[in-house]
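> Heads up: the protein sequence lines correspond to chains A and B, in order. Taken in order, the first sequence gives residues 1 to 116; the numbers are from the numbering used here. Taken in order, the second sequence gives residues 1 to 114; the numbers are from the numbering used here.
Hints were generated in silico from the structure; no laboratory data involved. Errors might be hidden in some of the hints.
Using 30 Å as the maximum straight-line C-alpha spacing, the simulated DSSO-like pairs for lysine-lysine come out as follows [to be verified]:
(1) A:Lys18 to A:Lys55
(2) B:Lys49 to B:Lys61
(3) A:Lys70 to B:Lys49
(4) A:Lys18 to A:Lys71
(5) A:Lys71 to A:Lys53
(6) B:Lys49 to B:Lys68
(7) A:Lys57 to B:Lys49
(8) A:Lys53 to A:Lys3
(9) A:Lys70 to A:Lys13
(10) A:Lys3 to A:Lys18
(11) A:Lys53 to A:Lys18
(12) A:Lys57 to A:Lys18
(13) B:Lys61 to A:Lys70
(14) A:Lys57 to A:Lys13
(15) A:Lys55 to B:Lys49
(16) A:Lys3 to B:Lys61
(17) B:Lys49 to A:Lys71
(18) A:Lys55 to A:Lys71
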Amino acid sequence: DVKVTQSSRYLVKRTGEKVFLECVQDMDHENMFWYRQDPGLGLRLIYFSYDVKMKEKGDIPEGYSVSREKKERFSLILESASTNQTSMYLCASSTTGGAWGNTEAFFGQGTRLTVV
Amino acid sequence: AQSVTQPDIHITVSEGASLELRCNYSYGATPYLFWYVQSPGQGLQLLLKYFSGDTLVQGIKGFEAEFKRSQSSFNLRKPSVHWSDAAEYFCAVVGYSSASKIIFGSGTRLSIRP
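Chain A extracted, bound-state conformation:
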């Protein structure tokens, strides 16, 4: 089974802190994603990466950056945390299935971040 592991289930940080959310997948997937989930808004894509050191902005990249130095690891960075970044953060990975295109995303359990 594909396993996507997020380093923390719960985090509490102070406004202005630099925050790192880590995600590791064990299936050699090319693609990795960071979403945030808020009630009534569903999952909104922050950033995704389709290869090592490659990244593309999603729909809500402001206030975030990412790093992918190794294929299995994708980090989300909040440069200066703010209270409006309090949310559930979900990491996912997928593989590019050749002629069939992307396959489904596999998700981690999520990190609930509270910024106070």
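Assemble the complex: chain A is given as a structure, and chain B must be docked to it using the hints.
Just chain B, lined up with the frame of chain A:
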């Protein structure tokens, strides 16, 4: 740009009744479509997916979905719901590209009436 619309925020059905959750997508070419379920306190689990071929796809837990290109829809159905189906359901779309992003709808919360 890709987008997904789930017009129903919250649906309540009686246990044993049939269910249909709506999903409409916007994409310039043939999309790949997914339905995920998120039970309370749990991660997202894939219910079913459509890539090509037969437009009626079967998934886990007795769910099915039908792709209708003319209506840009991919509605999820179940003939008889169980109390354990209470959860949030997300429709998602991805384009046919090696670097395509997966876009999710806003979700539909399903409640089951005993």
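> Failing hints, ascending?
Result: hint 13 breaks, nothing else.
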